[in-house]
Amino acid sequence: MVETLHLYCRYIGVSVRGQMQYRASFVLMSIGQLFATGMEFLGIWALFYRFGSLVGWSLPEIALFYGMIHCAFAFADGFGRGFDVFPSMVKSGDFDRLLVRPRSTVFQVAARDLQLMRVGRLAQGLLVLLWAVGALGITWTVPLVGLLLAAIAGAACFFVGLFVLQATLSFWTIETLEICNTLTYGGVETAEFPLSIYRTWFRWFFTLVVPLACANYYPGLAILGRPDPCGAPAFISWLAPLCGPLFLGASMLVWRAGVRHYTSTGS
Amino acid sequence: MRGYASFLAARMRVLLQYRAAALAGFGTQLFWGLIRVMIFEAFYRSSTAAQPMTMDEVRSYIWLGQAMLILVMWGPDTDLRDMIRTGGVAYELLRPLDVYWVWFTRCLAQRTIPLLFRAVPMFLVAGLFLGLQAPPSPGSAVAWLGATLAAILMSAAFATLISLSLLWTISGEGMCRILPVVCWVLSGLIVPLPLYPDWAQHVIMALPFRGLADTPFRLYIGHIPASESVPAIAHQLVWTSAMVVIGRLMLARGLRRVVVQGG
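Sequences listed follow chains Y and A, in order. Reading the first sequence from the start, the letters are residues 5 to 271 in this note's numbering. Reading the second sequence from the start, the letters are residues 782 to 1044 in this note's numbering.
Think of the hints as simulated: they come from the structure by calculation, not from any bench. Since the structure is predicted, the reported quantities are computational estimates derived from the model, not experimental observations. Ideal Cβ positions, reconstructed from N, Cα and C, are used throughout, including at glycine. There's no promise every hint is true.
Taking beta-carbon pairs under 8 Å as the criterion, some of the chain Y residues facing chain A (in silico) [as the list claims (entries may be wrong)]:
| no. | residue |
| --- | --- |
| 1 | G47 |
| 2 | R54 |
| 3 | N185 |
| 4 | T186 |
| 5 | G190 |
| 6 | I240 |
Negatives, chain A to chain Y, calculated, CB over 12 Å [what the hints assert, rightly or not]:
| no. | residue |
| --- | --- |
| 7 | R794 |
| 8 | F821 |
| 9 | R876 |
| 10 | F904 |
| 11 | G927 |
| 12 | H1004 |
Model the full assembly from the supplied sequences, consistent with the hints where possible.
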């Protein structure tokens, strides 16, 4: 275990040093990320400026959902990047090399890359989250803080799980499927707002088929002390963070099936 | 002129090969559009005050945005980046054509073909099922077409500026990330421009970015009447020319200090 961790650090170290070769570009990219995601929030602010509220939700409340999902996605995207670019490994046949090494494939793919510039998105998410926390005037108790942190960690696991599933698909398709982005990036976009504002079929899809609702919607409700406008019982809020690790575990099983199915492209 | 034309044609033929990618992109954009429509519907449910645009207009505006998205979505031109990284850019300088216009033509092709692939199905699907309405008058339709052509030119001029920035930061992604986002917000793709605060309208309307999306969209839905299309399109063209001038200056400076890598 310790040795695996050590090896992981070595892998990541190589990736980080590589990215640091283009330092000016790295700084610009991080700022670009901060800016890019920050501008999106500006758009939300502008809409609140014009409309006053969003079917009963205030701007700080939206900011809480928004900050949670962006922090979680930044972590997932930073650590799960190897899975994001994985289809190119299948295409080029590079995946063969991982199979002959004495470590699990999940480990090797996960350790391939750590995207440092995701700090830009993380910083932005944190800023919005902190502002929300300040503006909401919630009395923070230990369980609530725990729930917030667990929810972010759980949501990060959920997104890594999606990345793994997306990568697994490429064992069959060999291609990168842009359509998968609807669930990852689209999921972030969706979860910036409380799920209750969407149409029913859409809400069900992101609750039951893809458990995005557990990422920030249900925990967020408990933190805000609001009942679910759609009528889910309150205890779900406290169970929701568990959903992420479960989802990740399930997607690992699918990954394993994918590896068994893998036949090299032979190039 | 023939040289540039053949550049354009060759580039377009390359891009025609990526039909499957366009189809996948189409699915993604449908999804995106749906989310945005639902968000705006929720906002419109929340307020009974009169807004600068009706929900029907916003719906058309959003679907137009999804159809024309590619005009405001610039990735770094990877071929060009590799050329600069490997030193192949030296060949570009040897050609008996003006480098600026060669790169401009590249960008133009890069905009036009994916635009057609994505816009046509989006118009069909959104028009039939998702509430994209037809322009209110033939005049609006003509004005929209004119403004769209101007928007394509403007988009190519922007993209050329980004390509030129590769001469300074070789990996080029920093610039490629910041500029598009500014454009996203100020061209109307995130929030239709009339919905921004009234006190910001003058500045937003003076800036070039609205020429990429907002101007053609509002001409289409008749929010800007066809009779006012001439100043709107002139605004696009003036800014496009300005960007061409800036691009040429950047190129002149960049080439003075360019170091060709590799041998």
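Now for the hints, and whether the structure bears them out:
At its closest, the beta carbon of G47 of chain Y sits 4 Å from a beta carbon of chain A; the interface hint therefore holds under the 8 Å criterion. Annotation: R54 of chain Y was flagged as interfacial toward chain A, and the flag holds, the nearest CB pair being 5 Å apart, inside 8 Å. Annotation: N185 of chain Y was flagged as interfacial toward chain A, and the flag holds, the nearest CB pair being 6 Å apart, inside 8 Å. The interface hint given for T186 of chain Y holds, since its Cβ lies 4 Å from the closest Cβ of chain A, which is under the 8 Å cut-off.
A distance limit of 8 Å between C-beta atoms decides the matter here; for G190 of chain Y the minimum to chain A is near 5 Å, and the interface restraint holds. Among the interface hints, the one on I240 of chain Y is violated; its C-beta lies about 22 Å from the nearest C-beta in chain A, farther than the 8 Å criterion. R794 of chain A, annotated as away from the interface, keeps every beta carbon of chain Y farther than 12 Å; the closest lies near 21 Å. Not every Cβ of chain Y is farther than 12 Å from the Cβ of F821 of chain A; the closest lies at roughly 8 Å, contradicting the non-interface assignment.
For R876 of chain A, the requirement that its beta carbon stay farther than 12 Å from each beta carbon of chain Y is met, with the minimum near 28 Å. Look at F904 of chain A: its CB is around 20 Å from the nearest CB on chain Y, clear of 12 Å, so calling it non-interface holds up. Its beta-carbon lying about 28 Å from the closest one in chain Y, G927 of chain A satisfies the requirement of being farther than 12 Å from that chain. Once the 12 Å rule is applied to beta carbons, H1004 of chain A is consistent with being away from chain Y; the minimum gap is 16 Å.
When the structure is compared with the earlier hints, violations turn up for hints 6 and 8 and for no others.
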